[in-house]
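Chain L is already provided as a structure; the job is to place chain P on it using the hints.
2 protein chains.
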Amino acid sequence: MPEEVTPLPENGRCRVVIEGVTPEIDCGRYPAKRVVEEKLTVQADIFADGHDQVAALLLYRYQGEHQWHKVLMRPLGNDRWEADFTPSELGYYRFTIEGRIDHFLTWKKDLVKKYDSGQFLQIDLLIGAELIEAAAARAGADAERLLPFAGRLRDAPDDSSALAVAGEPELEQLMAIHYDPALVSRYGRELRVSVDRQQALFSAWYELFPRSVSPSEGGHGTFRDCEQLLPEIARMGFDVVYFPPIHPIGLTHRKGKNNSTRAEPGDPGSPWAIGAPEGGHKEIHPDLGTLDDFAHFIAAAAGYGLEVAMDIAFQASPDHPYVRHQPEWFRWRPDGTVQYAENPPKKYEDIIPFDFESAQWPEMWRELCDVFRFWIGQGVRIFRVDNPHTKAFGFWEWAIAEIKGDHPEVIFLAEAFTRPKVMYRLAKLGFSQSYTYFSWRNTPAEMEQYIQELTRGEVREFFRPNFWPNTPDILPEFLQYGGRPAFIIRFILAATLSASYGIYGPPFELFVNRAVPGKEEYLDSEKYEIRPWDWDDPRQMRQLIAAVNRLRRDNPALQNTWNVTFCQSDNDHILAYLKATEDRSNLLLVVVSFDPFHPQAGRIRLPLEALGLVPGHPFLVHDLLSGDNSIWHGDWNRVELSPADMPARILKLQPRLRREQDFDYFM
Amino acid sequence: MPEEVTPLPENGRCRVVIEGVTPEIDCGRYPAKRVVEEKLTVQADIFADGHDQVAALLLYRYQGEHQWHKVLMRPLGNDRWEADFTPSELGYYRFTIEGRIDHFLTWKKDLVKKYDSGQFLQIDLLIGAELIEAAAARAGADAERLLPFAGRLRDAPDDSSALAVAGEPELEQLMAIHYDPALVSRYGRELRVSVDRQQALFSAWYELFPRSVSPSEGGHGTFRDCEQLLPEIARMGFDVVYFPPIHPIGLTHRKGKNNSTRAEPGDPGSPWAIGAPEGGHKEIHPDLGTLDDFAHFIAAAAGYGLEVAMDIAFQASPDHPYVRHQPEWFRWRPDGTVQYAENPPKKYEDIIPFDFESAQWPEMWRELCDVFRFWIGQGVRIFRVDNPHTKAFGFWEWAIAEIKGDHPEVIFLAEAFTRPKVMYRLAKLGFSQSYTYFSWRNTPAEMEQYIQELTRGEVREFFRPNFWPNTPDILPEFLQYGGRPAFIIRFILAATLSASYGIYGPPFELFVNRAVPGKEEYLDSEKYEIRPWDWDDPRQMRQLIAAVNRLRRDNPALQNTWNVTFCQSDNDHILAYLKATEDRSNLLLVVVSFDPFHPQAGRIRLPLEALGLVPGHPFLVHDLLSGDNSIWHGDWNRVELSPADMPARILKLQPRLRREQDFDYFM
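As given, the protein sequences belong to chains L and P, one line each in that order. Reminder that position 528 of the first sequence reads as 527 in numbering that gives the first Met the number 0, one-by-one numbering, no gaps. Reminder that position 186 of the second sequence reads as 185 in numbering that gives the first Met the number 0, one-by-one numbering, no gaps.
Bound-form chain L, shown alone (with noise of 0.2 Å):
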């Protein structure tokens, strides 16, 4: 016989298997995502061979706890089981499973069916016995409480007292407690879910250049002047307010107007082209103020309800200290110029980006993690990262995860337009956000399918999206062209889609829409160029945003991006959707016309009973944009709507009317 070449497993014994658990992304190399009180619910396949009765419980346990919480877990059918927590801290949770077959209730359950087919029972009893004196020899102190439901077993009158003593809920109790250990499958991974502050969810994001708001004709607007304009954000309702980046700005090679090559005298250059001899991603651009003003900022904001998002841009200007002092941190040419920025043909001799592959990589790793350090140390929580997908994929899991280790309160926005594997790459890393395709889904059917692709399936789980309908850089064609309907539906469907959502004003909520003939650029982009706008122009959307805003705030079904349900429509421009909570005491319809130029009607089906509504009844549809009530019934009814008035409707479901039953005295 040859000799024996596979070792056997650690304990044989252990017949219960488990597979196919979610969230598991890739092999558990990167945690699921949640936020404080949100909850997380684990699924697997467990099962063993034979017959015998299955038990599993979800096991998990904070950062630095020792000791497992467990959770029974319940049987789908098919061999899926579930069982959920709810986090209540930042930071990281592990979670694993184990399975075991469970004697006791395999032994009940067969007795019951001997019972029932009127077979002796006798030897069962004794088994059953057995199986309690065993779990009595493990119980400690309950064994007192165990034993005394062997005896009764062995000395049961009949069969069907016997059955009755099987059956108490006590006895279960205890025996779920005390099973074997032995004999007890572990899941071979222990999986993690990284937990994020509510906001990371849930936040309404405002953007806008502080150069621009200076209160004097052609001067360049500072934090001071900023803080004037925070009672309006706030009145606004938003919850974060986002600069671009704030530091010295590069002059060689700096962008003029509308990123003319040649800067005119007195051109302010793109705030993303980094660095000038004043410094660089640690300092502040003179002219904006002093590291005082901005924690000054910061302050007056938090008075206000508005925390500060930050833009850090990993790049810099040919004038950057870095350039000078690390010079081992960029490539340079054979000529002795160091390398600039290019996607051939086209160049960007304002831009000197890092060289991920440099020989001094971690020093330049370090210095580069130290940026978010120097800034968390002002105070800034929150940070708007630019193109992390042209930066090393490693360093972000090595940056996101050192910062959160001091900081898990910190929140990272991945402003990544890249091609769709890139962007859950780097979600899956740790940024917290991600902007996404929302700008250029234009049909609810493209609407449908790409909310479907980010809400189901495994990408719900690592991949938290914010929706922008613009931003500087991108002024989508649905905007040039649909004029105010336009910014309304884009604006409503971004604010109700997803719980995160930000806009880029002043030009949004003023309806600015001229852009660079051909493209998706903004004409006289605020990149290049010192805006004022007229925050008093009374023809503006910003009590709409008020509205909507304060809508998101009061209904918690507004507050969470994955509880999205669509409606069918009878009219392929219009999109309805339902958002509720788990416990639908918060259900909303919105629907929204994709049509900027016509009015369109339409019929929408909901799904009455899944909603909790009893067909046939009538039931109270509250308009709260408009304040205007309607008695729906049935599953199909018409909802009209006008870009001129208003494009989209969101309405509050009363899941039943009172009826004379409902009354008191009735009977």
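Keep in mind the hints are simulated off the structure, nothing from the lab. You may find that some hints are simply not true.
Intra- or inter-copy, both count: the list cannot distinguish identical chains.
Stated by the list, open to error - Quick list of in silico lysine-lysine cross-link-like pairs, BS3-like style, CA-CA up to 27 Å: (1) K38 <-> K651; (2) K420 <-> K108; (3) K518 <-> K112; (4) K346 <-> K113; (5) K113 <-> K38; (6) K108 <-> K345; (7) K518 <-> K113; (8) K38 <-> K112; (9) K518 <-> K345.
Here is chain P on its own, set in the frame of chain L:
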């Protein structure tokens, strides 16, 4: 500044990431399966930050090899890459993936774009020369071939001749070999593919009870008797002769005819009630012959190109020597009796299951594994394993690995009719083939859906079906009521949809359809009595079986299970599917009516272009069973099927008919 807590990666300069590798079963815990000369196609998502060109290699090596074989991967779009290799040896191969930035290709692509837009190239040519010189420094003897290219770039008289140098294939080839290994990313796991012999994928099985083949009336058949049937079984074109268990049968609680709990004197008992005073799993039932007779039978079968498959059923009769000598391998009841098998309220008192929770499990596992070794020693290489889903999963994983370590040619067929995840788990654990739900898929829509499940997606990588229209345990209702046409329908479906299939004969070819009322059990089942069959009965389907098995041998398209494409049919009773070799040199269309009672006709739609057929040109359709020819044209063509005659067709498509232009002298 807080101390760093997150370790830096080993080499942060490697910018390419690799994820989403297929096939990767349960994070690489289980191997994919192939047979010798069956291609393994590997895909992965491979990408890097930024815009640089990526290159990737599939690495593979046979067990014991230390050097990787390397295959260049090709991009499929959307960051998906693919490569394949074809294993030639039995056993295991490992594979993984390497990715890297291809700096040379990036440079060359950019150079062309810059040239096309009229940019100044001088510095770029120097960069290219430096890239080549760096490669030359790694290139050993190839340096002499590389360096002149650098010189020619530096000294090029003009940009267009420099571009010509950059584009020379020899340069590209050398640069693809001599990349910088320090910048290569390796996928984090080595994955495996288990390679079986071709019979694991392609084989036709014939099951029979040897005890029923005695030429003398009422006699107990022997292996010597069975030898007389070998010419006929070979003439029918089978590859494998499979016997139910051939061991001594217990007397205690022996089952009588029709599963009666009371055996009459002379009742032979169920062959699955293994073990008697004469011995157990390593002994032969004395009435069948001796070990020498069995060896003689195996040799005789081999002379006809037939292999012998044994049934291994790990369970014991109460009389099995194990029960006496290894009592610790079984469960004992409080009354001192051994626990028989039961699934309450059913009792199987003639069957004692092993206790896989036994504290003596290592000894038991080794002994059970040794049962396989014993029969391998007698020349058996194919095992049909009875009810593997009622034995611990861990045992199978260990035992199959242990056996295949020494005997990679051994084939294990899992007879597990149970829930889908259990069946798939057994396949992952190492079973070469599996019984399926084929018997219970009785409409074209059901069958198509099931075949899609088996042949698309991950299941295809590890689960090889073996389709059985009947077994001693299963006489499906379709066969009970459908008469001769039903047998033909099920036979042709099994033999053409799955490269491996089997029948339980002679009842199958004799159209035996009498069942226990209301069940799928044979009446007067051979499991419980000796049933002599009339091998000379003229009303049987052996001619058709022989014809179809000949087609299976002559047509490589029928030797693969994964190459099926379903065709649209305008008659819901008709299923049509294409079977094709990868190069389409062998292209079959199988059309089957699922109606055993009435003639059915319908039109079938062929995907002409995908088949390399020219729309508008006629093509020849040859009926391989009847010998008839037809000429079809267009994508929809009509087929008529008659249950009285032949409810199925196996058609060979000739890509095109010759035309006048094909004659040598036409031009």
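Hints versus structure:
1. K38 <-> K651: Result: close within a single copy only, 24 Å intra versus 57 Å inter.
2. K420 <-> K108: between (49 Å within a copy, 23 Å between copies)
3. K518 <-> K112: between (74 Å within a copy, 22 Å between copies)
4. K346 <-> K113: Classified as between; 10 Å across copies, 82 Å inside a copy.
5. K113 <-> K38: neither (41 Å within a copy, 53 Å between copies)
6. K108 <-> K345: Between copies only: 13 Å across, 73 Å inside.
7. K518 <-> K113: Between copies only: 23 Å across, 77 Å inside.
8. K38 <-> K112: This pair counts as neither: shortest intra-copy Cα distance 38 Å, inter-copy 51 Å.
9. K518 <-> K345: Within. Shortest intra-copy distance 16 Å satisfies the 27 Å Cα cut-off; inter-copy 76 Å does not.
In terms of the numbered hints stated before, the structure departs from hints 5 and 8, listed from lowest to highest.
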